[in-house]
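Chemist: One letter stands for each residue in the lines below.
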Amino acid sequence: MLRSLTSRHVTTSRSRRDRLGRQALREEREFYLFVSPWIIGFLIWTAGPMLFSLYVSFTEWDILTSPKWVGLQNYQTLWHDLFEPSRLVLFRQSLIVTTIYTLLMVPLRMIVNLGGAVLLNQKIRGMPLFRALFYSPTIVPAVASAMVWLWIMQSNGGLVSLVLNSLGLPNQIWLYRSDTALITLVGLGLWGFGSQMLFFLAGLQSIPEHLYEAAKIDGANNWQQFRYITLPMLSPVVFYNLVISLMGTFQSFDAAFLYTGGGPNYATHFYVLNIYQFGWRYFKFGLASAMAWILLVIILLMTLLVVRWSSAWVYYEGEVRGR
Amino acid sequence: MTSAAKTRTHMGVRTSQLIQRVVIYILCIVVAVFQILPMIWMLSGSLKKPVEMFRDPPMWIPESWQWQNYVEMWTSLRLENNVGAPAMPHYMLNTMQIVAVVLVGVLLSNTLVGFGFARLRARGKNVIFLILLTTMMLPRQMTWLSVYIIMSRLPYPALPAPAIEGINRLLASFSSIQLGVGNHPPNWIDTYLPLTVPSFFAGAGTVFLLRQFFLTVPIELDEAARIDGASTLRIYWSIFLPQAKPVLASVTILTFIGEWKDYFSPLLYLNTSDKFPIALGIQYFRGFADYATQWHLLMAAGVVLSIPPFAIFLLFQRYFVRGMALTGIKG
Numbered sequence: 001m002l003r004s005l006t007s008r009h010v011t012t013s014r015s016r017r018d019r020l021g022r023q024a025l026r027e028e029r030e031f032y033l034f035v036s037p038w039i040i041g042f043l044i045w046t047a048g049p050m051l052f053s054l055y056v057s058f059t060e061w062d063i064l065t066s067p068k069w070v071g072l073q074n075y076q077t078l079w080h081d082l083f084e085p086s087r088l089v090l091f092r093q094s095l096i097v098t099t100i101y102t103l104l105m106v107p108l109r110m111i112v113n114l115g116g117a118v119l120l121n122q123k124i125r126g127m128p129l130f131r132a133l134f135y136s137p138t139i140v141p142a143v144a145s146a147m148v149w150l151w152i153m154q155s156n157g158g159l160v161s162l163v164l165n166s167l168g169l170p171n172q173i174w175l176y177r178s179d180t181a182l183i184t185l186v187g188l189g190l191w192g193f194g195s196q197m198l199f200f201l202a203g204l205q206s207i208p209e210h211l212y213e214a215a216k217i218d219g220a221n222n223w224q225q226f227r228y229i230t231l232p233m234l235s236p237v238v239f240y241n242l243v244i245s246l247m248g249t250f251q252s253f254d255a256a257f258l259y260t261g262g263g264p265n266y267a268t269h270f271y272v273l274n275i276y277q278f279g280w281r282y283f284k285f286g287l288a289s290a291m292a293w294i295l296l297v298i299i300l301l302m303t304l305l306v307v308r309w310s311s312a313w314v315y316y317e318g319e320v321r322g323r
Numbered sequence: 324m325t326s327a328a329k330t331r332t333h334m335g336v337r338t339s340q341l342i343q344r345v346v347i348y349i350l351c352i353v354v355a356v357f358q359i360l361p362m363i364w365m366l367s368g369s370l371k372k373p374v375e376m377f378r379d380p381p382m383w384i385p386e387s388w389q390w391q392n393y394v395e396m397w398t399s400l401r402l403e404n405n406v407g408a409p410a411m412p413h414y415m416l417n418t419m420q421i422v423a424v425v426l427v428g429v430l431l432s433n434t435l436v437g438f439g440f441a442r443l444r445a446r447g448k449n450v451i452f453l454i455l456l457t458t459m460m461l462p463r464q465m466t467w468l469s470v471y472i473i474m475s476r477l478p479y480p481a482l483p484a485p486a487i488e489g490i491n492r493l494l495a496s497f498s499s500i501q502l503g504v505g506n507h508p509p510n511w512i513d514t515y516l517p518l519t520v521p522s523f524f525a526g527a528g529t530v531f532l533l534r535q536f537f538l539t540v541p542i543e544l545d546e547a548a549r550i551d552g553a554s555t556l557r558i559y560w561s562i563f564l565p566q567a568k569p570v571l572a573s574v575t576i577l578t579f580i581g582e583w584k585d586y587f588s589p590l591l592y593l594n595t596s597d598k599f600p601i602a603l604g605i606q607y608f609r610g611f612a613d614y615a616t617q618w619h620l621l622m623a624a625g626v627v628l629s630i631p632p633f634a635i636f637l638l639f640q641r642y643f644v645r646g647m648a649l650t651g652i653k654g
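Note that the protein sequences, when read in sequence, are chains A and B. Numbers 1 to 323, taken from the numbering used here, label the letters of the first sequence in order. Numbers 324 to 654, taken from the numbering used here, label the letters of the second sequence in order.
Where hints are given, some of them may not hold.
Said to hold, decoys possible - Listed below are the simulated DMTMM-like cross-link pairs for lysine to aspartate or glutamate, each with C-alpha atoms no more than 20 Å apart in a straight line:
id, chain 1, residue 1, chain 2, residue 2
1, B, K372, B, E395
2, B, K568, B, D545
3, A, K123, A, E209
4, B, K372, B, E386
5, B, K448, A, E28
6, B, K448, A, E27
7, B, K448, A, E30
8, A, K123, A, E213
Since the hints were made in silico from the structure, they are not lab data.
Sequences are here, hints too, so could you generate the full structure?
Modeler: If you want it as structure tokens, here you go:
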């Protein structure tokens, strides 16, 4: 009786294992079927093109005729441009412009968005309305808001010039001068909060209230609470926003394309605008691809540096640290 | 504790709280005004006479409201390929077509892939998921150039001539519409295919968002369904999709707004102004130079371009916040 039971048990368990194995295999097959849109898309639109553009970066190609292998010539052209800048390459110029823009924009935008989030985190009536108003510039299509700002920034009769005139100052030509154009783009870029603010807000709302209560009992003032509770607790969000913002700002295109076209005198000639122009204006796909690959390297290096640096100031709750 | 704080009376605390509250209100109002002033200026500009656009001192409320600016903007004819059709409605229709197809692609592909990552076990899954996350970091400029080249090499998916003849014979029995033979573009450039087809292959960000949501669906639901003999596809379709309605709403809204605003991909792929979406089309009121620009019409076009995303944002604000929260950022 007992033996027959165990033997039956053994047989059922074996057949169940077979069935489970078959089931696991079927599940695996199903997984790959379900995920196949992304895998195929990754191969066609990402992996394939990346490798292809690596190949193109070693060629001279206008995409109408067949590509001509030139070895490292495109990279050499870019390297030479670092030391003897040329209007025909603009590699050094675009690197300088983009770096300055990024160095100014990333911290300023972060401060502005953090400020907005702190304001929206206050418990006062009408907050949903303020939140909607704060976020609304992001909703307006960049094309539309750029047109308004262009109108506002017109030197003769634009809103800014009119305000300056009423103060007895002359018309501004900030967007049309090579020494002020980039700064003006930074200023214009600070208008409007973005998803950064929403992330900051979510981060602020997840800070436990009891930390502030404890600090208040210890007599900490508002600034001390912000400095010693809010900022450390928020540091993972700061880190996330910093990485995303660095990558995004270094790839800026809209501002230069919509406001200045890269001018005046290449003062706002962003790196990505340069890639766009070499590709779609001059049909130098080889040189443009080389620039794109260098961009990837720059961005990877930047991200790596920030990740390294972040371990010094990002605080994760529950993280165990040595020493 | 400072001595000042110690000696504060109950009244003192209340007045300082009141002052703090007033300061917060003032700050909020100042910031909010700064955020919406340019948009109000756009609205006011769209209702001005051309001569009033640069008048000193600045005029916030037009002397007489020029509603005909909108009529003029809406009915102005296209310059190129002028077939006598108004430009703006045409551009808007183009945008609608692109957005509709993209939405189908985005919703279908991302839910399938997100479900796969959230619910199906397989070897190699973690590696694939890691690659997916990595692609979020890749600058899209990396692939622009080569994807453009690929699109310029892909043949337009035209039906073979006999099939078109067959369809035409069928069509002839009940309508006068006939398909043309051989008059299709040579490749994907200057068609909507480069703008729409990639959306059927899922994007890393949306997949991640949907996976995060699907992970929160209780496993008992699909186990029960499996015992009842439901197939995986059935579970995906009848259990997960209905559960995910709020997230799908978020995805729909974010995709719609993103596509509505996008001028960049059309700029790369479209050459004929006939095919422009509205975000690219409003540039048509921008002259070859600033002095040739019809600013009042440009502002009216800007308002029309901004209304749909704005209305959707105001109506569905909570879906925005949910979409943001689900991408999994934790403080």
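Chemist: Verify the proposed pairing of K123/A with E213/A, using a straight-line Cα cut of 20 Å.
Modeler: OK: K123/A and E213/A at ~15 Å, within 20 Å.
Chemist: Holds or violated: K568/B with D545/B, Cα cutoff 20 Å?
Modeler: holds, 17 Å
Chemist: K448/B and E30/A: Cα distance at most 20 Å?
Modeler: Holds - the C-alpha atoms of E30/A and K448/B are around 12 Å apart, at most 20 Å.
Chemist: Keeping to a limit of 20 Å between CA atoms, is the pair of K372/B and E395/B held or broken?
Modeler: Distance of about 12 Å is within 20 Å: holds.
Chemist: Straight-line Cα separation of K372/B and E386/B no greater than 20 Å?
Modeler: holds, 9 Å
Chemist: Given the hinted pair K448/B and E27/A, is their Cα-Cα distance within 20 Å?
Modeler: Cα-Cα ~12 Å, so holds.
Chemist: Holds or violated: K123/A with E209/A, Cα cutoff 20 Å?
Modeler: holds, 13 Å
Chemist: Need the status of pair K448/B, E28/A: alpha-carbon distance at most 20 Å?
Modeler: holds, 9 Å
Violated hints: none; the structure is consistent with every hint.
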